[in-house]
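Protein chains in written order, with the numbering used here: chain A, 30 to 631; chain B, 554 to 841.
Each hint should be verified, as a subset may be incorrect.
[What the hints assert, rightly or not] What the simulated footprint calls covered on chain A by chain B, stretch by stretch (three residues with Cβ under 8 Å from a Cβ of chain B suffice, anywhere in the stretch; the number is not a length): (1) 380-394; (2) 410-421; (3) 433-443.
If you're looking for bench data, these hints aren't it; they were derived computationally from the structure.
The C-beta atom is built at its ideal place from N, Cα and C for all residues, glycine as well.
What follows is each chain in one-letter form.
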Amino acid sequence: MSQSLREVPSALAGEAVLEIAGLSVSVRGEDGEREVVSGLSLSLKRGETLCIAGESGSGKSMTALAIMQLLPQPAGRIAGGTIRLRDEDGSAVELTVLDERRMRDIRGDRIAMIFQEPMTSLNPVLSIGRQLTESIEAHTGVSQTEAKLRAVAALKAVRISEAESRLKQFPHELSGGMRQRVMIAMALALEPDVLIADEPTTALDVTVQGEVLELLRDLQRQHGTSVILITHDMGVVAEMADRVIVMRNGRMVEEGTTAAIFARPQAAYTRELLAAVPRIGSGARRRASGESDGAAMQDKVAVVKDLQVRFDLRGGFFGRVNRRVHAVEGISFSIAPNETLALVGESGCGKSTTAKALAGLVPYSGRVTIGGRELSRLGRDERKAVRRDVQMVFQDPYASLDPRMRVGELVAEPLLIHSIGSKEERRERVAALFERVGLSSEQMELYPHEFSGGQRQRICIARALALRPKLIIADESVSALDVSVQARVLDLLKELQREFGVAYLFISHDMAVVENVSDRVAVMYLGQIVEIGSRDQVFSNPRHPYTRRLIEAVPVPDPSLRRTRFARLEREIPSATRRIGESVPKLVLKDFGGGHFAAVGD
Amino acid sequence: MPVKPRAGVWRRLLKRPLALLGLFIVAIVLAGAILAPWLTGYDPNEQMFDGLTLEGSPLPPNAKFWLGTDLLGRDLLTRILFGARTSLIIGIVANGVALLIGTLVGVTAGYFRGWIGSALMRFTDLMMAFPALLLAICLAAVFEPSLWIVAMVIALVNWVQTARVIYTETSSLSEREFIDAERTIGASAPRILLRHILPHLLPTIIVWGTLGISTTVLLEATLSYLGIGVQPPTASWGNIIFENQTYFQAAPWLVFFPGAAILALALAFNLIGDALRDILDPTQRGRA
Chain A
30 MSQSLREVPS ALAGEAVLEI AGLSVSVRGE DGEREVVSGL SLSLKRGETL CIAGESGSGK
90 SMTALAIMQL LPQPAGRIAG GTIRLRDEDG SAVELTVLDE RRMRDIRGDR IAMIFQEPMT
150 SLNPVLSIGR QLTESIEAHT GVSQTEAKLR AVAALKAVRI SEAESRLKQF PHELSGGMRQ
210 RVMIAMALAL EPDVLIADEP TTALDVTVQG EVLELLRDLQ RQHGTSVILI THDMGVVAEM
270 ADRVIVMRNG RMVEEGTTAA IFARPQAAYT RELLAAVPRI GSGARRRASG ESDGAAMQDK
330 VAVVKDLQVR FDLRGGFFGR VNRRVHAVEG ISFSIAPNET LALVGESGCG KSTTAKALAG
390 LVPYSGRVTI GGRELSRLGR DERKAVRRDV QMVFQDPYAS LDPRMRVGEL VAEPLLIHSI
450 GSKEERRERV AALFERVGLS SEQMELYPHE FSGGQRQRIC IARALALRPK LIIADESVSA
510 LDVSVQARVL DLLKELQREF GVAYLFISHD MAVVENVSDR VAVMYLGQIV EIGSRDQVFS
570 NPRHPYTRRL IEAVPVPDPS LRRTRFARLE REIPSATRRI GESVPKLVLK DFGGGHFAAV
630 GD
Chain B
554 MPVKPRAGVW RRLLKRPLAL LGLFIVAIVL AGAILAPWLT GYDPNEQMFD GLTLEGSPLP
614 PNAKFWLGTD LLGRDLLTRI LFGARTSLII GIVANGVALL IGTLVGVTAG YFRGWIGSAL
674 MRFTDLMMAF PALLLAICLA AVFEPSLWIV AMVIALVNWV QTARVIYTET SSLSEREFID
734 AERTIGASAP RILLRHILPH LLPTIIVWGT LGISTTVLLE ATLSYLGIGV QPPTASWGNI
794 IFENQTYFQA APWLVFFPGA AILALALAFN LIGDALRDIL DPTQRGRA
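The following block holds chain A by itself, in its conformation from the complex:
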């Protein structure tokens, strides 16, 4: 259902509040000055939401910083163009020539900004109240009591409960979603004309993301604020935007209304971008569900039974263990050869800890059987041999390769460690792996920093493949990549599965990606599996309310499916930290037939 025009005072509707003409931004780097935004022109109307969409390096964030006159100093500068901020009576201020003191008056008061990372954009040593009232006092000069009243009102506006007592809290006492709401409260407390939101929900869980987006939309409707929303997520664009600008390499590729961009994209790049976006329901048909279920236990690549991981928290004067984080609380699943099992859930649900336990990075209790051999019964050397069959691809391709080694050496390293082949054979095998994952063997001599994110993830995949493992754990392996790159890496993973028959444990928070790649899906919540079944069972017929909420919360990259209300959590996700001796209610999974299990009675 498409949303009708917002209720903006009719006299002002359609009038531009911010006009950018021919904006160019340059950043001086090691190898001279580089233009990161070139000749960008746009106008933002009163009460409008304009989305700037693009992949990393497209110049969208630089545009936002240029408007705020907050370009990184001394490297960044505005090389040309004008940025005009228009008043309600029609008079305009030229921001590019404004001195710092007058710009400070505009920042926060007339143009406010919220950033991606709510964890780092609040000052950790000041209370929420202090940070809120500070900006109100600075810009309006009202008394302290008046500022406090306004701060409480602002917190209430972003639907934070017990607003008065929250003022005394510090950022670390709030969850990520709450912090981002505080940021929005700070940004909107002064009722700015323009709000710039730079990837405001990217760091948040999907159920929280929905809430924050809805909140932004409601507040905008009430105040008639104009919003520039910067995002890489076409789902968020479809959900929020009136108009869209698609940027690439610092240039505007296409501009249009949201409906037009999604229905009839003109530029080839926009079409590619939209085609690469994973959508729920577009996953290719996979093997019929239940096909692998008949296989005997011995044929399974991995069988996990009652896996438990707990971390001790020490506290008190003597540093005794007084609490435990129950990260993974007795989960069981199995993976067949050639199968992809997806493990989904939100941050803190224990999915990454499960991966680490399987890869042998954290101690666990429970039974893990790989290729028919149970790990706890094996000696050290045997265990090392079995571990060869389980390899891992990490989330951040920038962090998971040793920056001081050549990529050829890195890919050859697993072979070297397990003494496979002669030096020449290893070299040939690494060269073949490079070709297989879509790189050239000449690139073996380079260092990791000389590659892009997608290429690095290919190197990590080549490295994981080097030992011909039976199972590859992909822990959020495509989350850090741009959508177009993401799609190509996912294709590569699928190809490799067909070719080598490798099984994947695919860990992700992104329901759309999961729907595209998985054969079976397990949904985790607070360290336990609440639902497991084939992809079709879980997505078309979710039995657990949490699964339903996860699926509903995903923004759909189609403006005609825009929602008016997002599914809202009744409460924050509880913590998995428990006192010693506190019992954990164990979920009982009910069989819904055909290998579909879900917890009931929660």
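Using the hints provided, position chain B relative to the given structure of chain A.
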């Protein structure tokens, strides 16, 4: 073509003017130390009759004694040349051993943590809290003073700071994802430490190594001054300064020249260390 990560380090070092300057200074000091007996006609310990004025004051630099003479009428240039032997041994050997102990302790404690790590770091803290000079005096009192004993004493006192710094860096490195990635491919602890952690510590080790040279040379001087270092009349840069420092006003050259020598040596190692750090870091490749 085999992969050679260190290929051409020497060649690239020679391309940097500042590193070249550093190498040049070190070469001069080294040559001076080795060739001292042939470079000067004097004996370093010979108190010359014409080395003092009639009143018994040392001579300022002149045509006969290029850098002047000291309080006992000995040729300062000769003493600095011979002193270079002592100071180089102290600065390189003592400092090297200290660096080795510090790195070993820091890396072990930082990577393995647990009770080994705690025990090692508590011991390091204890050593740090103990006045270094007092410790050196105790150690020096136990052993018969000689150049090598002094070097060892200095090493035993100086490793603590290095250990602390290396410990902190190792523990944050061990948390990095690529170390986890190494574990998942089955890399053993020694392999991770030598191939993946040590190369990242190199810049720190180099910086501490170069900083340590001046510290150790001066510590040796202090020990000499207290009578437990290199025994007189053997010259070292440190004890030349200490012997003469009270006459700084009257005979400034006696402190200036050995001081300048220490400074130049420390600076030279610093320049080389700086260049090495950049050259060994592949992410800096191609940048001047």
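Going down the list of hints, with the structure as the test:
Counting residues of the segment 380-394 of chain A whose CB lies closer than 8 Å to any CB of chain B gives 4, which reaches the minimum of 3, so the coverage claim holds. As drawn, the segment 410-421 of chain A meets chain B at 6 residues by the rule of a beta-carbon pair under 8 Å; at three or more, the given contact holds. Interface restraint, the segment 433-443 of chain A with chain B: holds (7 residues with C-beta to C-beta distance below 8 Å; minimum three).
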